[in-house]
Structure formats: structure tokens, C-alpha cells
Amino acid sequence: MYGNAYVDPENKIVNSITANEDPIKLAEFESRIAAGDKIEPMDWMPAEYKKQLVRMIEQHAHSEIIGALPEGTWITRAPGFRRKLALMAKVQDEIGHGQLLYSAAETLGKSREAMTNDLITGKSKYSNVFNYPAKTWADSAVIAWLIDAGAIVNQLANSKGSYGPYCRALDRICAEESFHLKYGHDNVVFLATGTPVQRAMVQDALNRWWEPIMHFFGPPDKESIHSATLMRWKVKMGSNDDMRNMFLDMYVPKIWDLGLTLPDENLHKNEETGRWEYTEPNWEVFKQVINGNGPCNKERLAVRRKAEENGRWVRKALAKPSEKYVTPLS
Amino acid sequence: MEFTDKHVQGLKDLLYKMADDLLIIGHRNSEWTGLGPVLEEDIAFSSMAQDKVGQSLALYEILHQLGESDPDTVAFTRNAPQFHCSQLVELPIGEYDFSLVRHFFFDHADAIRFDMLATTVVEPLQMVAKKFRGEIKYHTMHADIWMKQLGESEEAKMRIQSTINEVFPYALGMFEPSEFEAELQEAGIFDGEFALREKWLNKVVPLLESYGYSVPNAETIIPEFGGRKGQHTEHLQPLLDEMTEVFAIDPGADW
Chain H
1 MYGNAYVDPE
11 NKIVNSITAN
21 EDPIKLAEFE
31 SRIAAGDKIE
41 PMDWMPAEYK
51 KQLVRMIEQH
61 AHSEIIGALP
71 EGTWITRAPG
81 FRRKLALMAK
91 VQDEIGHGQL
101 LYSAAETLGK
111 SREAMTNDLI
121 TGKSKYSNVF
131 NYPAKTWADS
141 AVIAWLIDAG
151 AIVNQLANSK
161 GSYGPYCRAL
171 DRICAEESFH
181 LKYGHDNVVF
191 LATGTPVQRA
201 MVQDALNRWW
211 EPIMHFFGPP
221 DKESIHSATL
231 MRWKVKMGSN
241 DDMRNMFLDM
251 YVPKIWDLGL
261 TLPDENLHKN
271 EETGRWEYTE
281 PNWEVFKQVI
291 NGNGPCNKER
301 LAVRRKAEEN
311 GRWVRKALAK
321 PSEKYVTPLS
Chain L
1 MEFTDKHVQG
11 LKDLLYKMAD
21 DLLIIGHRNS
31 EWTGLGPVLE
41 EDIAFSSMAQ
51 DKVGQSLALY
61 EILHQLGESD
71 PDTVAFTRNA
81 PQFHCSQLVE
91 LPIGEYDFSL
101 VRHFFFDHAD
111 AIRFDMLATT
121 VVEPLQMVAK
131 KFRGEIKYHT
141 MHADIWMKQL
151 GESEEAKMRI
161 QSTINEVFPY
171 ALGMFEPSEF
181 EAELQEAGIF
191 DGEFALREKW
201 LNKVVPLLES
211 YGYSVPNAET
221 IIPEFGGRKG
231 QHTEHLQPLL
241 DEMTEVFAID
251 PGADW
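Protein chains in written order, with our numbering: chain H, 1 to 330; chain L, 1 to 255.
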């Protein structure tokens, strides 16, 4: 699971992000992408393309690893064998996705260690939703269903992108995420059709998670030359609002079908435009959380930092001075 | 041969202790998810945890066929004194060296245990034992590789050595004899904890020595017994409270 890559609207990148690139190579690169070719690690690529991809894949990898924490706390509490085994397997998949994505990002020259360091020092971001607590078992069910559903919307789009190693990783990730979604849906169905206590539990969780889910796709994109270029290069595959709309279209009816409600009176589909209308979530909150002031930011990073510190002696013991780091190729 | 009540009691006792061991060590190993020293170890410990919990479920199902409650009820409603796991498996995960050494000792014992049970006269147990062997093979392989490679670094080797010394009495506690040893052997159900312990020592001692570790003398160590009779460390009940927290909200509900 993960959230759409967050492009900081305050980040004023000079319009001429391609100014220093060789025009002939750039034209060739762009025509390959337009023709649907995949760019591979040894191919020529503009510096900005590489930079954005590293940032995006790395952010995605961190999201998988941090995302394992809120759900992971429920592995030891899962009610019954069926849920316990399924949740273990699901969270294990997420860690596996992190591993796969770190490898994909490594093909662009940044080592896993460097990415991990940037995560624990707070330099790199990860999806905002994981800075919220999973208070009850029902929260873990809502996460597994709806956050994973949102992730699939983003990832399916991104798997049609232009960078080969990332697309291949996403193909595999999407296949696994679709099982997570089934698990999450099944779990929510059991709660929503269960005892009054179970039902209240899942409704509460849904109320809590609605704003983070709306935030998940990111703020409405500002039109800029920068994002137009990233779209042309198939780094960014759709606007945040398009992704959000696609998600609402697929899942709001399913949520309502279960007799559950959503905490937004204005939420409805405009049949004329075919788009969903809703109360804008509070983007100030989103900004606060992304900048480290969410309910769990400090705790998440502290856990990661401790894991890194505790495991250092193991990694040190594995390192052979005679062996050199080699960037993976695909 | 016709089983007497004592044979059936002995078989149930055997099944309970094996199933409880597997459930609790599986639960403990799953706690590494998200916290391992390298991502690959998070994934490995999670894989093994899933195998262990899955194996415990298969054994609780055999117990259910023998008239015990269904697996969810058995696993999620008992208190610590009703559990028959060894104290080894209930200890907290500690740091990686502790979990690795425990995993090494436990899995070699389980590999031999299910090897022995592959010829038991109890057919459903024989079937699962054969299946488990295929899974446990990878668990011992994993433990062996890590014990070996960490033995090649001075600092890591010292840590592992001191953990071996600390864990060893608990590891010997796995072989606490039951009151049905004679019945189990006589009926061809299981050759017994003493035979298992001897085979295990013959396996793990030379292995550890070949990796450069020393192993305490089993004859001079007092094993941490008690687990098989429901006497546990202070760590088991909190584990169970956590494990059953959601289930206990409404044990009659479908989760």
C-alpha cells in the first residue's frame, strides 16, 4: 500500500527543468516514452526524471515499511486463526513490497542504506495515512480494505509509467494488493454484518479514517509546467483529483451497500459530470501531518530508528570488507 | 493395538504441548514483522511464523477430532496454566540474537520430533508430521545459515555465544518428560522426550561446535521445566491477554 507521490506545491522548481539537457538526447528520450517504450537503468535520462523517480519510488518503499507498523500491531491481536494467518501474510507482503521497491530505486543509484537513513532522519517522506493510529481491530480492517484500495488505484496507474524497474515491481505488487483488498473487504463485511458491537466498531473506524483516506490522494494539483513535464514523461500518471474520483466511484457505493455511512453530508455523485462532489478535507491538517505533526509521526520514526539501531550489529557482521556495493541493474 | 484411556490421554497431552509450542513461538516470531535487523529477516521470521501457526492449527484440529473444543476456542480462550508450551517459546523476542538462538534450538528439536512422528501409529498425526517436515527443513536451514555466518564476526559471535549459554537451560526444558512416556512408547505413538533429547543433542552440539561456538554440558545444567505442566514464566499470560483481546470482546461472534 502507499499514497500518491506528494509533490510539494511550495517547491518552486525552475520552469526550465530541462534547460541543461542535451536537446537531441532529450527529444529521443521523449519520443521513446511517447511510443510506449520503457526506460531502463542504463538508458540516458534527464537529471530531473531520475531525481523525481528516486524520490517517488523511495517514498513508496518507505510507505510500505512504515505502513506495516499500524497493521502489524494487530497481528498479535487478530481474533481467530483465519484472521491471524491472513494478517501475518498481508503485512509480510507489505515488507516484501518495500524490499522490492528499494531494489527498484537502487537501480537509479541510491543505496538502501542511504534511503533508510533519509527515512529515519525525517528527510524522506512516506504516505501520510500511516501517521494515524489504528485504534481498534476495525481500524485494521478499514486500512486493509480502503487504504489498500486507494493504493491500487494509484499503483495501477503508475504501473503504466515509463520506468521499467518500477513498472515491473508495481505489476507484482498490484497482484498481491488485490488479495489484501479481498481480505480487508471480507473483514469489514464480517464486522458490518455482525453483532451491534462489531458494527459500531467498524462505523467508528470508518468515521476516523475518512479524512485520512480523502487526504491519501494528495491535494488538488496546481497546474504547472513542472507537472505537465512529469506527465509527459509518464512519471506522474494522473492528477490527484482524478485518482480520488476513481476511488470514490469504485468504493463509496460498496461502503453504502454495507449499510455504513460516511461522515460527509455533501458526498454524492454528480450524474451530469460523472464526478463525485464532497466537502474538501482540511488540507491544513494534511500539511501539518506531512510536516511531522501528525498523531503518530514521532512514534513511527522512533520505532524504525530503534529497529535500525538494534539491528546494526547484525548488518555489521554481514558486511564483508572485500565485497563492494553494486547497483542492481533491473 | 487397542488404545486405552491412558493412551488417548497421553496422545492428547502430546498434541497439546506440540500445538501450544507452535502457536506461541509462531506468535512470538510474528512480532518481528516491521522490526527485523534487515528486511529479509522480517520476511523470513514472518514466513516461519505463518508455518508455525498453521501447524498448530492442524494439531488443534486433530485434537478436535479427538473430542476437544474447536481450534479457535482452544487457542483463544485458555489461560496460561492451561497451556502446555515449554517456557522457551513464551519468552519475549528480546534482541535478534535471542530470537535466532531460540529459533535454532527449537526448530532442530521440532525437525527431529516430526521426523520421529512420521512413523507414529496415529494416522492423522503421521500425515501432518510428514507434511511439517517439508516446511521445517527450511526453518532449520535458515537458522543454520545465520548461526554460521554470525559466527564469522567476532562481535556477533560473542553475543551469540552468551545467548546460547543463557537459552540452553530453557532449550533443555522442551524435553520435560510427560507422565505418559511409557504409554506413548508402548502404543507406538511416540518414542519419547528422552530419545528426542538425545537425538537433538547429537545434532545441535556438533553443529554449533563446527560454527565455532561452545555448548554447555547438558548433564550439568538444570533444565527449565514446568511449562508442560502449566507452570509458566510471567511472560505467557500477558501474551495471551494480547492474543485474545479482540476475540474476548465477543467469543460467540464471527470475526
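None of these hints come from the bench; they were simulated from the model.
Check each hint, because a few of them may be wrong.
[Said to hold, decoys possible] Using 20 angstroms as the maximum straight-line C-alpha spacing, the simulated SDA-like pairs for lysine to any residue come out as follows:
hint: 1; chain 1: H; residue 1: Lys320; chain 2: L; residue 2: Arg133
hint: 2; chain 1: L; residue 1: Lys12; chain 2: L; residue 2: Val215
hint: 3; chain 1: H; residue 1: Lys316; chain 2: L; residue 2: Asp254
hint: 4; chain 1: H; residue 1: Lys182; chain 2: L; residue 2: Asp254
hint: 5; chain 1: H; residue 1: Lys125; chain 2: H; residue 2: His185
hint: 6; chain 1: H; residue 1: Lys135; chain 2: L; residue 2: Glu41
hint: 7; chain 1: L; residue 1: Lys148; chain 2: H; residue 2: Lys306
hint: 8; chain 1: H; residue 1: Lys320; chain 2: L; residue 2: Glu31
hint: 9; chain 1: H; residue 1: Lys316; chain 2: L; residue 2: Phe98
hint: 10; chain 1: H; residue 1: Lys306; chain 2: L; residue 2: Asp254
[As the list claims (entries may be wrong)] Covered by chain H, per the in silico footprint, the following chain L stretches (three or more residues, Cβ under 8 angstroms):
hint: 11; region: 5-11
hint: 12; region: 44-51
hint: 13; region: 113-119
hint: 14; region: 189-199
hint: 15; region: 246-255
Given the structure is predicted, the values throughout are model-derived calculations rather than measurements.
Just so it is clear, CB atoms sit at the ideal spot from N, CA and C, and this is done for glycine as well.
Hints versus structure:
1. At roughly 34 angstroms between alpha-carbon atoms, lysine 320 of chain H and arginine 133 of chain L are farther apart than 20 angstroms, so this suggested pair is violated.
2. Taking the CA atoms of lysine 12 of chain L and valine 215 of chain L, the gap is about 33 angstroms. The hint is violated against a cut of 20 angstroms.
3. The hinted pair formed by lysine 316 of chain H and aspartate 254 of chain L fails the criterion: a straight-line CA distance of about 47 angstroms is larger than 20 angstroms.
4. For the proposed pair lysine 182 of chain H and aspartate 254 of chain L, the alpha carbon gap of about 17 angstroms is at most 20 angstroms, so the pair holds.
5. Of the supplied pair hints, the one linking lysine 125 of chain H and histidine 185 of chain H is violated, its CA atoms being roughly 28 angstroms apart against a limit of 20 angstroms.
6. A hinted pair counts as satisfied when its Cα atoms are at most 20 angstroms apart, and lysine 135 of chain H with glutamate 41 of chain L does not qualify at roughly 27 angstroms.
7. Of the supplied pair hints, the one linking lysine 148 of chain L and lysine 306 of chain H is violated, its CA atoms being roughly 25 angstroms apart against a limit of 20 angstroms.
8. For the proposed pair lysine 320 of chain H and glutamate 31 of chain L, the alpha carbon gap of about 29 angstroms is over 20 angstroms, so the pair is violated.
9. Restraint check for lysine 316 of chain H and phenylalanine 98 of chain L: satisfied, since their Cα atoms lie roughly 17 angstroms apart, inside the 20 angstroms limit.
10. The hinted pair formed by lysine 306 of chain H and aspartate 254 of chain L fails the criterion: a straight-line CA distance of about 37 angstroms is larger than 20 angstroms.
11. Look at the region 5-11 of chain L against chain H: 0 of its residues bring a Cβ nearer than 8 angstroms to a Cβ of that chain, fewer than three, so the hint is violated.
12. With 4 residues having a beta carbon nearer than 8 angstroms to a beta carbon of chain H, the region 44-51 of chain L meets the requirement of three or more and the stated coverage holds.
13. Here's how the region 113-119 of chain L fares: 0 of its residues keep a CB closer than 8 angstroms to some CB of chain H, so the rule of at least three is not met and the hint is violated.
14. Note: the region 189-199 of chain L has 0 residues with beta-carbon separation from chain H under 8 angstroms; the three-residue rule is not met and the coverage is violated.
15. Beta-carbon proximity to chain H at under 8 angstroms applies to 7 residues in the region 246-255 of chain L; the threshold of 3 is reached and the given coverage holds.
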